[in-house]
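> For this one, chain A is given, so just place chain B on it according to the hints.
Protein chains: 2
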Amino acid sequence: MIMVVTGNGKGKTTSSIGQIVRALGHGQKVCLVQLFKGEDFYGEQKVLSKFEDLDFFSFAKKHPFCFKEVTKEQVIKECEQAIEKLKEIAINNKYNLIVLEEFNIAIRDGYIEEDSLIDIVKELNKKANVMITGRGASQKLIEQADLVSEVKEIKHPYNKGIPAQEGIEF
Amino acid sequence: MIMVVTGNGKGKTTSSIGQIVRALGHGQKVCLVQLFKGEDFYGEQKVLSKFEDLDFFSFAKKHPFCFKEVTKEQVIKECEQAIEKLKEIAINNKYNLIVLEEFNIAIRDGYIEEDSLIDIVKELNKKANVMITGRGASQKLIEQADLVSEVKEIKHPYNKGIPAQEGIEF
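Those sequence lines, one after another, are chains A and B. The C-terminal position of the first sequence is numbered 170 in this note's numbering, with every residue numbered one higher than the one before it. The C-terminal position of the second sequence is numbered 170 in this note's numbering, with every residue numbered one higher than the one before it.
Bear in mind the hints are in silico, worked out from the structure with no lab data behind them. Since we're looking at a predicted model, the values are computed, not measured. For glycine and all other residues, C-beta sits at the position ideal for the given N, C-alpha and C. Treat the hints with care, since some could be wrong.
[As the list claims (entries may be wrong)] Non-contacting residues of chain A with respect to chain B, defined by C-beta distances greater than 10 Å in every case (computed):
no.: 1; residue: E52
no.: 2; residue: Q74
no.: 3; residue: N93
no.: 4; residue: I118
[Unchecked claim] Partial chain B-side listing against chain A, Cβ under 8 Å, derived:
no.: 5; residue: Q19
no.: 6; residue: V21
no.: 7; residue: K46
no.: 8; residue: V47
no.: 9; residue: V148
no.: 10; residue: I154
no.: 11; residue: H156
[Claimed, not checked] Okay, derived cross-link-like pairs now, BS3-like style, lysine-lysine, Cα gap no bigger than 25 Å in a straight line:
no.: 12; chain 1: A; residue 1: K122; chain 2: B; residue 2: K160
no.: 13; chain 1: B; residue 1: K46; chain 2: A; residue 2: K94
no.: 14; chain 1: A; residue 1: K85; chain 2: A; residue 2: K62
no.: 15; chain 1: A; residue 1: K50; chain 2: B; residue 2: K29
no.: 16; chain 1: B; residue 1: K29; chain 2: B; residue 2: K61
no.: 17; chain 1: B; residue 1: K140; chain 2: A; residue 2: K155
no.: 18; chain 1: A; residue 1: K29; chain 2: B; residue 2: K46
Just chain A, with the same shape it has in the complex (with noise of 0.2 Å):
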């Protein structure tokens, strides 16, 4: 099943979190690759990197948007290096469920091909489940997904000037 999780409401990366530990819970196998999130910031990864049976990957960990010193030039070269795991990857495939976190986010900014990215979607669903997250989903990833959920922002707290808080947000 190809699984896209989409939207500007908040839930997406935790809804991707969660969707792990219910794989894991059935002694699953999983791996998590990560675009533009740094490492130890996220409460998530402490504890995600305590499963032996998850592999997790990260790249392009600086997005242009929050660190003006990261070239466009660094993310698409880092993003390249992220596609080329997924093909590693696609060759022995011994996953049960694939988390492409923020992936949506990289195919809108221009960072990563939309054909290349469904080319090795296609190819690592056919063993295994592939959930792709990231605000701004492309139509045609859309199209290829079995399910698709959007989250909506009804309400969302930074919105009366209220900053991230540790445990909510990161």
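Frame of chain A, contents of chain B only:
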């Protein structure tokens, strides 16, 4: 902060599980109170039960919609026990995060009174972040919340007749 995760799409429970894992990763203490979920069925229950910093309570394990032998009276009684447990927790609240799984459903279906849930949520929120999940969140609860996400179903394999899959839906 009071958070509500509602909507008809897949990702509400997984989102709350991810939120719990995130909080645990920061060394926070978490309480999960579930309604309408049988034990030893969902993969996440097997994983979460191992965390020392998580207390896990389950009430009204069977919803009459799925289990015809369960009466409305039984469910109301068990939901009352859940509310009593929450009142007990509020007295000496040691948690950073309290998750009330499927409590929106309990209000929607008339098993818990809207005002009694809102009262106890406000009380719990004096010391902890509180997250309430389930489709059909009441307007009054949404008004009380600081953060509300609606998970909308865009596509779901159920609609193609594909049954629920281990590691995905449970």
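> Are the hints correct? Go through all of them and say.
Status of each hint after checking the structure:
1. E52: holds, 12 Å
2. Q74: holds, 28 Å
3. N93: holds, 15 Å
4. I118: Given that every Cβ of chain B is farther than 10 Å from that of I118 of chain A, nearest at about 16 Å, it holds.
5. Q19: With a closest approach of 5 Å, the Q19 of chain B hint holds.
6. V21: Nearest chain A Cβ about 5 Å off; hint holds.
7. K46: Interface hint status for K46 of chain B: holds (4 Å vs cutoff 8 Å).
8. V47: holds, 4 Å
9. V148: Interface hint status for V148 of chain B: holds (4 Å vs cutoff 8 Å).
10. I154: holds, 4 Å
11. H156: holds, 6 Å
12. A:K122 with B:K160: holds, 19 Å
13. B:K46 with A:K94: Cα-Cα ~22 Å, so holds.
14. A:K85 with A:K62: Since the Cα atoms of K85 of chain A and K62 of chain A sit roughly 18 Å apart, the hinted pair holds (cutoff 25 Å).
15. A:K50 with B:K29: Holds, at about 18 Å.
16. B:K29 with B:K61: Since the Cα atoms of K29 of chain B and K61 of chain B sit roughly 24 Å apart, the hinted pair holds (cutoff 25 Å).
17. B:K140 with A:K155: holds, 14 Å
18. A:K29 with B:K46: Given pair K29 of chain A, K46 of chain B holds - Cα atoms ~15 Å apart, limit 25 Å.
Every hint, counting from the list given before, is met by this structure.
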